[in-house]
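2 protein chains.
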Amino acid sequence: MSAPLDASKLTIELTKTPSSPLPKDELVFGKTFTDHMVEVEWSKEEGWGAPKISPRHPLTLDPATVVFHYSFELFEGMKAYLDSKGEVRTFRPNKNMERMNRSAKRAALPEFDGEEFLKIIDQFLLVDKKFIPQGEGYSLYLRPTLIGTSVGLGVSKPDHALLYLIASPVGPYFGPNFKPVSLEATEYAVRAWPKGYGQYKLGANYVSSIEPQTQAAKKGHNQNLWLFGEEGYITEVGAMNVFFVFKNGDKKELVTPPLNGTILPGVTRDSTLQLARTKLSADEWIISEREITIHQVKEKAANGELLEVFGTGTAAIVSPVNNIEFRDEHIKVPTGDKFGPLTENVLEWIKSIQYGETEFDDWSRVAKKL
Amino acid sequence: MSAPLDASKLTIELTKTPSSPLPKDELVFGKTFTDHMVEVEWSKEEGWGAPKISPRHPLTLDPATVVFHYSFELFEGMKAYLDSKGEVRTFRPNKNMERMNRSAKRAALPEFDGEEFLKIIDQFLLVDKKFIPQGEGYSLYLRPTLIGTSVGLGVSKPDHALLYLIASPVGPYFGPNFKPVSLEATEYAVRAWPKGYGQYKLGANYVSSIEPQTQAAKKGHNQNLWLFGEEGYITEVGAMNVFFVFKNGDKKELVTPPLNGTILPGVTRDSTLQLARTKLSADEWIISEREITIHQVKEKAANGELLEVFGTGTAAIVSPVNNIEFRDEHIKVPTGDKFGPLTENVLEWIKSIQYGETEFDDWSRVAKKL
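Taken in order, these protein sequences are the chains called A and B.
Residue numbers for the first sequence follow this note's numbering, beginning at 144 and rising by one.
Residue numbers for the second sequence follow this note's numbering, beginning at 144 and rising by one.
Worth flagging that the hints you see were computed from the coordinates, not collected in a lab.
Each hint should be verified, as a subset may be incorrect.
Claimed, not checked - These stretches of chain B come out as covered by chain A in the derived footprint (C-beta under 8 Å, 3 or more residues): (1) 212-224; (2) 282-289; (3) 307-313; (4) 425-434; (5) 470-476.
To be verified - Within a straight-line C-alpha distance of at most 16 Å, the following computed EDC-like cross-link-like pairs (lysine to aspartate or glutamate) qualify: (6) B:Lys174 x A:Asp205; (7) B:Lys248 x A:Glu354; (8) B:Lys338 x A:Glu374; (9) A:Lys338 x B:Glu373; (10) A:Lys300 x B:Glu354; (11) A:Lys174 x B:Asp504.
As the list claims (entries may be wrong) - Covered stretches of chain B (chain A as the covering partner; in silico rule of three or more C-beta atoms under 8 Å from a C-beta of chain A): (12) 172-186; (13) 338-345.
Just so you know, even glycine gets a beta-carbon here, dropped at the ideal spot from N, CA and C.
If we strip away everything but chain A, and leave its shape as in the complex, we get:
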C-alpha cells in the first residue's frame, strides 16, 4: 500500500534558537531564509511519509543520489502575504500545486494531493509568520521543491524522493531605483522545443539560461528574450512570460504567446489574461494568446503601434521592458523609463488581490490552523 500525502500526519519541531527577521531594507531575494522548513519523504514501497516542519537544516545525501546526476528536480515559486488584518494569504496556490504535479509526472517523480500540501504550507506559514514582512511589495517567497533521492547510477525512475519547502522574505522587486528592463533577443540558443519539457517547471529548463543571460548582460542588457525557429517566434523573457500591447486598428491588443508546449504556463500570466478579459472593455481591447515574431514587433514599433512590453512572473508580478536589441538594432518601447498604463493596471489588480484588499474568485487563500 502506497500512502497518500496526508497533512493530518504533520509533526512540528520548533527551533531552539529562533532568529530575528532582518530589517526590511536588508532583504535580498532568495538569500536569507526563515527558521523552519517542510519535508516529506516518499518511497515507492511506502508512498508518502509523515510530513514534518523542523528547524531549517542541510540535506545530507549520498554522492550517487540521482538528483546530482540526472536532474530529477523540479520546483515552484509562490508568495505569502500579510494582509491588513494580520492574516496570511497565498495567491492561487492551487495553480502551483497543479503545475508541480504536472512537472512531477514528466520528471518521473511522485505526484501528490495538492490540497494536502497546501494545508501543510499553511501550517508552515503560521509557524514562521514573523518572517513575513508587512507592507506593499513585501512578501515571503515560498520554494516548494521535489527531488529524486534514490542512490545509484542507473538511469531509471527514482524509487525515493523528497518534497521540501524553504522560504525567503523579500521586498519590492522594483525599489526606489526602479528601471524598466532592457533585453537582448537571443538567436544562438533556444529555451525549449515542441515535445520537449519547456512547459514544466523542471530545474533542467534553467541551467541553460545562464549563458544567454550573461551574453545579454555583457552588452548592457538585463535579460534575454527567447526566440524560437527561423521565423523568430517570441517565447519568453529570461525566466518570465512576456506580453505586448499593440495598437490594432481602432482597438488596443494585449498579446502573449500561446501555451503550445514551449511556454511555461505562468500563474501570473494566467491571472493577467483573466483579469484583462474581465476588466478591460471588449469595445476597446482585444486579448490574444497568439504567436508573434520579433519581426512583427519590430514592424509594429516602426509604425508607432507598439505601446507597451512587460514580463510577468511571481518574483516581480510585472516587469516593464523599455528596449529590445535584435541583430544590432534597438526596438524602443515608447513607455521609456515608466510603467505603461496597462502594465501598471495589471500590477495593481494583482497586488490588490494578493494582499486581500479585493476579492476575485477563490484566488486568495487565507492560511488556517489545521
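Place chain B on chain A using the hints.
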C-alpha cells in the same frame, strides 16, 4: 587570483574501515561503490582548492543550494581496467575531460585543466585498486561529477562548485543471459533540439528520458529510439549513440547520425568510427556520418538491405538491436538473437585496447603514481 586545478596539491586520507570488494557475480551497475571519493571545491574568489581523496561520504548541502533547483550539474562516464600485468588503464580519458569542460562552459560551471584531473583520478585508482575487478568485461565505472553549490534562489552563474568522483565496480554488461535490445521509436517526445544542449552531458538531458523509456518498457521493449522532426530523423537510442549497417550497392555502409548539435559526442561513437575507418577496407565499406530517417531504415529492412543495428556507450561498449517498433510495425534486424559480425568486431577492437592487449594511438592511459 583564481587558482587553477593542481594535482600536486592533492591530499589523501585513507579510510579507517576498509571494506572488501564484492564477489564478481554480485556486481550491479552503479549500486555499490569503492571506499574513497575525490573532491575538489571551487569558488569564484579562490578558484580551485586543494584536491582531496578521502573516505566516501555523504554531501551535506543547504536546501537552497542551486544544484537542487536549477540543474547546475553535469557528469562523465568512464571506466578503468586492470590489464594482464596488473596495471590500471583508462580508455581515452582525455576525451571525457574535453567533453566535461565543454559541458561546464554551457552550464555556467567552472572549467579546469583536464590533465590535472586525470592525474588525480590516477591516484584515486591506485588507492582503490583492489575494487577494480579483473577479467574480460570487468571494470571500474568512474563517475566524475560537477555540481553548482552556491546557496541562494536567484538564477545566476554559480560562484561555488564541487567537482567530485565516485566509482562503482561493474561486470560484463551482457552476461550469459545476453539478449539484443528491442526498441520503440518515440514520436511524442524529443530528446534535444538545434541550439539546445543535447550535445553536452548535462543532467538536464536525462530526466526527460524516463517517460519514453517507461512507455517503451510497457510494450515489452528495452529502450526507446529517439527521433527528431517530421522527417523522423534518428538521433540516439536510450542514452547511447546509434549505428546502422546497410547493404549499399556492392559495398556495406556503416552509418551514424552526424554531430549536428542534438547528438551526444560519445567517446565510444568516435572510437567506433575511427577504428572502422582504420580497420575496414575502403573497397568494401563506406563509413558515414549522415542523417538517416526511420522511414529509410524501414525501407532498407524491407529491401533486405538492413544488416545490423547497434548502440554504443561506455557502459555496454556496443549493444546489439534486434527489433524497432515504429507506428505499430516491427522493423526486424536479421541478426536476431546474435551479435552481428561488425558489432562483434567493434566490441573486440575496443576491448582489446581497453585492456591494453592492443596499442592504438594514445587511447589507453596507464595510471602512474604522482
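**OP:** Go through the numbered hints given earlier and state which of them the structure violates, listing their numbers in rising order.
**Re:** 4, 5, 11
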